[in-house]
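Novice: Residue-level listing of the chains:
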Amino acid sequence: MRLLGEYQNGNYTVKIYNDGTKIRETNDDVFVASFPECIDLKITNNCDMGCPYCHEDSKLDGKHGDILNTKIIDTIRPFTELAIGGGNPLSHPDLILFLKTLKSKNIIANMTVNQNHFVSHQDLIRYLVKNDLIKGLGVSLVEVNNEFINTITQYPNAVIHIINGITTLNDFKKLYNHNLKILILGYKEIRRGKEYYSSKVEVTKNNIYKNINEIINGFKVTSFDNLAIKQLNLKRLFSEKTWDKFYMGDDGQFTMYIDLVEQEFALSSTSTQRFKLMDSVVDMFKVVKSL
Amino acid sequence: MRVIRRGVFETNSSSTHSITMCSKEEYEKWESGEVLLDESWWPGKFITKEEAIQKLKENEYYNDLDFTDEDAVDEALREEYIYTFEQYRDNCDYETFESTYVTKNGEEIIAFGYFGYDG
Numbered sequence: 001m002r003l004l005g006e007y008q009n010g011n012y013t014v015k016i017y018n019d020g021t022k023i024r025e026t027n028d029d030v031f032v033a034s035f036p037e038c039i040d041l042k043i044t045n046n047c048d049m050g051c052p053y054c055h056e057d058s059k060l061d062g063k064h065g066d067i068l069n070t071k072i073i074d075t076i077r078p079f080t081e082l083a084i085g086g087g088n089p090l091s092h093p094d095l096i097l098f099l100k101t102l103k104s105k106n107i108i109a110n111m112t113v114n115q116n117h118f119v120s121h122q123d124l125i126r127y128l129v130k131n132d133l134i135k136g137l138g139v140s141l142v143e144v145n146n147e148f149i150n151t152i153t154q155y156p157n158a159v160i161h162i163i164n165g166i167t168t169l170n171d172f173k174k175l176y177n178h179n180l181k182i183l184i185l186g187y188k189e190i191r192r193g194k195e196y197y198s199s200k201v202e203v204t205k206n207n208i209y210k211n212i213n214e215i216i217n218g219f220k221v222t223s224f225d226n227l228a229i230k231q232l233n234l235k236r237l238f239s240e241k242t243w244d245k246f247y248m249g250d251d252g253q254f255t256m257y258i259d260l261v262e263q264e265f266a267l268s269s270t271s272t273q274r275f276k277l278m279d280s281v282v283d284m285f286k287v288v289k290s291l
Numbered sequence: 001m002r003v004i005r006r007g008v009f010e011t012n013s014s015s016t017h018s019i020t021m022c023s024k025e026e027y028e029k030w031e032s033g034e035v036l037l038d039e040s041w042w043p044g045k046f047i048t049k050e051e052a053i054q055k056l057k058e059n060e061y062y063n064d065l066d067f068t069d070e071d072a073v074d075e076a077l078r079e080e081y082i083y084t085f086e087q088y089r090d091n092c093d094y095e096t097f098e099s100t101y102v103t104k105n106g107e108e109i110i111a112f113g114y115f116g117y118d119g
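First to last, the protein sequences are chains A and B.
Using my numbering, you'd call the opening residue of the first sequence number 1 and step up by one each time.
Using my numbering, you'd call the opening residue of the second sequence number 1 and step up by one each time.
In isolation and in its complexed conformation, chain B is listed as follows (with noise of 0.2 Å):
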């Protein structure tokens, strides 16, 4: 079993728990491959890959990364906790959950994440 907290140091003595929200419009583009979850930043933000790539050649310690090498670029995307869809759902090591609910205004609203954290 493993539990993850992104990010954040623990500034309270309570049990902390996390939740990151987004709308089902940025969710499918997600599903859809359009766009990959960047998680490096805790609870995570949408990306493009082609941003995700720059993000990888700004970091020194893919210097020597060959870029054409798309499964060399994938895995170290998902080093930096950059991942598609189905990286995110299939990485079975992480626990994660995810909820639908609609809003007041009729807007669906998507909730996932991992599980929180009692820091």
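Isolated chain A (complex conformation) (with noise of 0.2 Å):
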């Protein structure tokens, strides 16, 4: 592993590898963070795919965000990263300005598309991959095909993003023992989402729910986000002593939601509290950390 770079975050050293490795450290008995490690970054709200699930309300005629000219970008420590998204931020016209920006700042830039889009912009995303201006790939998962399979293989930062309640147990089988990361993010009741919701995605989620230790198994990474540890109920793997070990608390301690196409930010992607958009991160950062 190559260090890429390590910085003070409040009262802890942040260090961060090539591979994705992050490691935190602290004299004291709690981390404090000034300002946020990690920023969801939405940098669109333009997509073809229509998803009938996506949260986001994403559109094809949805407005792209000014990345070029805010002021943000400035007040961005070295190696925070981003997760930037959409949308599909493969069709900003602005993206690849935007990344080598970002590049020359030592911004730490990852990013997540949508499956049809990754393999459809394989040319950009090599370009992109090869040229470091992204780090970390995240690809939220239409479809199982062998295509896809061997098309992600090739990128060992890249992780599946999987939405609890719609991707099979079926579909996760024919992922299993392909040395691949996945990452269950809950299903969100907003936007369309609310509108997608049914009683087949309950049903998709009890099998996931009674097939979770078989699905863990069948994946090299298998991580989680706060809803999908709630849906799924993980804390009944676990002791009550191990669990308050393994969880490590809400959302936005450490990061928080940028919306450019809005010109908001909260305190993630599913806050209904917005907040207009201020000039300095480490500002935007106290407010949401205060909520």
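What you were told as hints is all true, and nothing was included just to trick you.
List of simulated lysine-lysine pairs, DSBU-like, C-alpha gap at most 35 Å:
1) A:K103 x B:K55
2) B:K45 x A:K130
3) A:K220 x B:K55
4) A:K71 x A:K130
5) B:K57 x A:K130
6) A:K230 x B:K29
7) B:K49 x A:K130
8) A:K210 x B:K45
9) A:K59 x A:K130
10) B:K29 x A:K173
To give an idea of the chain A side of the interface with chain B (calculated C-beta under 7 Å), a few residues:
11) G20
12) E81
13) A83
14) N110
15) T112
16) K135
17) G136
18) G138
19) N157
20) D225
Computed list of chain A residues with no C-beta within reach of chain B, every gap over 12 Å:
21) C51
22) K63
23) N69
24) T70
25) T75
26) R77
27) P78
28) K105
29) N131
30) V144
31) K194
32) K205
33) K286
These aren't lab readings, by the way, just hints derived from the structure by calculation.
The beta-carbon is built from N, C-alpha and C at its ideal position, and this holds for glycine as well.
Using the hints, put the two chains back together into the complex; each one sits in its own frame.
Specialist: See below:
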């Protein structure tokens, strides 16, 4: 592993390596961040996929954010991670220039794209990875097929995003034993996710719930967001004591959400409480931490 | 206090927590010293000591390592996040967890790892 960078944040230090490994250290009992370690950054609401469960409600005529003239980039500390998404971030006309700016400032850009865009934009994705313009790559699963599996296994830093209640157990099984990393996200009953929600979603969620141990063993890495942890009641796998150690708390202590399309920020992308964008990330983070 | 997230960049806005699981049989092999836990690939996999040494030999950084010196090799393995059961458990710098449960089919599963991480 190669050290990408090291920095002080509040009462602790952070080291981040080229495979994504990140180490926090402090002499205190808790980590108190002064600025976000990771920002979920929405750069566009433009997307041609029309996924019926899209909680962002992204559309073909969705607007792009002004990513080249935003002041906040100058206030993001080096080696902060950005989880860039949309909409389809690949559709943003200024994407490459934006990523080059981030790279020049030693800001770590990770990006999440839809599976269909991932497959159809391989030239662009390869260019971004090869030129170190993105580090981590999230791919939102649409359909499991061999072409997708063969393609994604070429990217060591790729993580498949799977929504609890959308992907069936049979599809999970098709992904087993390919040395893949997955991130299971909770089903968000907001915007289109609210309209799409049905008993079918609930049945799929129950199947995942009942077979979670099999799923975890089918992948190189299985990880969960807070909502999925709640929906799948992962607490049942642990004793009270180990659970207390495993669970690292709620959103917003090290992360925040910024929407450059609507010029808003919030605790996370699912937060209904939104605030008008400020010039400084540190100032916005103070607001988020106080929520 | 030390918290570690291994081998994955953050691509999501919400807190992400990871779990490593293995069968009791694999875990016992590790416990008895038959295999080592290679955590250089997050969240870890079990490999033999021979495989671990081969991995060092393929790493240019260890070109000057004396592979007949067992202590030096063990130190290099630790540098590469390859651990015996005892090393993993005794490394107090890391916050670890472990839990056993039985599946509905009667299979015993061990869940263990470093603490989850909110990216």
